[in-house]
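Using the sequences and the accompanying hints, generate a full structural model.
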Amino acid sequence: MRVLLLRRVLFPAAAAALVLLCYWRGLPGPLLLDDYPVLGPLLSDGHLASDWRAQIFSTTGPLGRPVAMLSFVANAALSGTAYVEWKAVNLALHLAVGAALWWLARGLMAATRVPAQRRAGAAGLLCMLWLVHPLQVSTVLYTVQRMTELSALFAVLGMGAYVAGRRALQEGRPGWGAIGAAYLLCLPLAAFSKESGLLLPGYLAAIELTVFRAAGAQRRRLLLLHGVTFVLPALLVAVYYATHVETALLAPYAARGMSLGGRVLTECRVLVRYLAEIVLPVRGAFGFFHDDLVISTGWLTPPSTALSAAFLAALLAGALRQAGRLPLVALGVLLFFAGHAMESTIFPLELMFEHRNYLPSFGVLLASCGVLLALGGRHARFATAAAGTAIALCAVLTWSEAGLWARLETLMPASYALHPRSESAAANLAEVLAANRRYTKAIEIVGTIATPGAALHERYLRCKRDGRLPPGALPAALLDREPTLRTYAVTGLIELAKLGLDEACQYDVAEFRALLATAVAKPVAFGVQRYKLRIYQAHFAWQRGEREAALALLDTAHGEQPRDPIPALLATEWSLAMGDVPRAGRYLALARKLAPERADFRAMIADLEQRHAAAAQR
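FYI, our numbering numbers position 296 of the sequence shown as 296, with every residue one higher than the one before it.
Since the hints were made in silico from the structure, they are not lab data. Glycine is no exception: its CB is placed at the ideal position from the N, C-alpha and C atoms. Some clues are possibly wrong.
[Unchecked claim] The list that follows gives simulated cross-link-like pairs (lysine-lysine, DSSO-like), each with its CA atoms no further than 30 Å apart: (1) 464 x 498; (2) 522 x 498; (3) 498 x 441; (4) 464 x 522; (5) 498 x 593; (6) 464 x 441.
[As the list claims (entries may be wrong)] Pair by pair, the computed Cβ-Cβ distance ranges are: (7) 227 x 447: 56 to 62 Å; (8) 247 x 438: 41 to 47 Å; (9) 501 x 392: 53 to 59 Å; (10) 33 x 577: 35 to 41 Å; (11) 261 x 318: 22 to 28 Å.
In structure tokens form, the structure reads like this:
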């Protein structure tokens, strides 16, 4: 009875308390970066926006991520702008994923015949280490990464259900219901939380290959199941990308300033770095920004590229070779690679983010656990001591890392100190400094980065400090070093445009308009960026009295983003100002058509309707 109480109550309670202690300091931290475009539209004056239904399908992924977005809607309704409560939900989900991993680990250990008396303890230590690992901080305390947490939770539940079903089949009991739940319930929930949930069939195939090996009376049905759910979709994806190389792969890479080959080679080094951070976490090894990563241009440039690729190949081959003797080790390695199949391979995404290891890191820890379990019972004390030491060290590191996330004034300087050549780290630190009116120091920071975006940011900071820029400060040549205009440069142009239009900074407007025209003519990373620049071109044309040119620019912008009502709304207002009531009526009808459910535009449309009606009666 005492042992049962220890296992079922005291150990889980102690584990939860330790996790809470590790993360508590970071919960009051602010929103940052991607939090704002995803979560901002859900709130209006500190409360849930009235048009929240229009936000359920996010633009952050092709599937819309409605499961995660509904959780954010609930937070907005219940918590408003009390963001500590949003982050507390993230922490609660982290604990839930840890509990689900414990269930999965116990099932895997039972299926691989780990002695019953060792399963609960080994699974508990394994999941405790995962819960307090410092690599998870950037997932748990970055509010928008709840998408990653929810996707992982449903994927783990799917794996657990599959293992339970397969064990039942092995023992002659009904198990297809649990297996069906993994595919029919957990898979869609995982995928509609974040697209990485689509990797669940790959995880299940890895479990079957290493742990169960399609043995037993159900062999043919199991092989058919994995053929239909994993092999066939993987082949279809491969065929699609093989036949659409130019449009689906090469064109997006051109916008990112790298090649497909360069990305694949670089990811070999990135994966090895991930492994090192998981196995040997040390203070100062973790960073929020990684855009300073040197891109590999060949197997030997840098030389670590070939070494990394050889190591990964040897690791994968060794795991597969030992699958029969060390199934947990083999499975752990396969889970790590499968978990990175979407975000660390051929697809044109950012090169490195630590939150991509949220679930794959469990694979590495599972493989390590498998090695310790294989040593046998006579080494149990050593294994327990090693796991306990690792948990203690990771807990201290996580507590330290979480403290940095409590304030931007601690997170951004620490990130910049780790990555002083990172454009993103420099830009974000400069913004923190500028918010505290330390403009000169901010200018010094961005001045160390030789990119058009940093140059424009530096001009913006000088505007904020001095209220003016000298003639010649905004030449079109500023953009020469960037064949494809990147987001940082676009943001700089937009912020400078706002200052100029609001007369908050005096600069040569003709010079800036020429710079804008140069920017609009360049390829951009995302089509919406050219649209935004075009809107500001229209504003400057209108401000300078070029009425027809301004409306023509709005028409062009509408053609680039035909579902956005902003060009039609602006054109309605400007047509009314010109006294062209019929034209204003046409634009107003278009605006009504484009924004029937948009609460943020409702008041503006109502005002324009009143003004149009009044003008029509004159």
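Here's how the hints hold up against the structure:
no. : hint                  : result
1   : 464 x 498             : holds, 12 Å
2   : 522 x 498             : holds, 21 Å
3   : 498 x 441             : holds, 23 Å
4   : 464 x 522             : holds, 27 Å
5   : 498 x 593             : holds, 28 Å
6   : 464 x 441             : holds, 13 Å
7   : 227 x 447: 56 to 62 Å : holds, 57 Å
8   : 247 x 438: 41 to 47 Å : holds, 46 Å
9   : 501 x 392: 53 to 59 Å : holds, 56 Å
10  : 33 x 577: 35 to 41 Å  : holds, 38 Å
11  : 261 x 318: 22 to 28 Å : holds, 26 Å
Violated hints for the displayed structure: none, as all numbered hints are satisfied.
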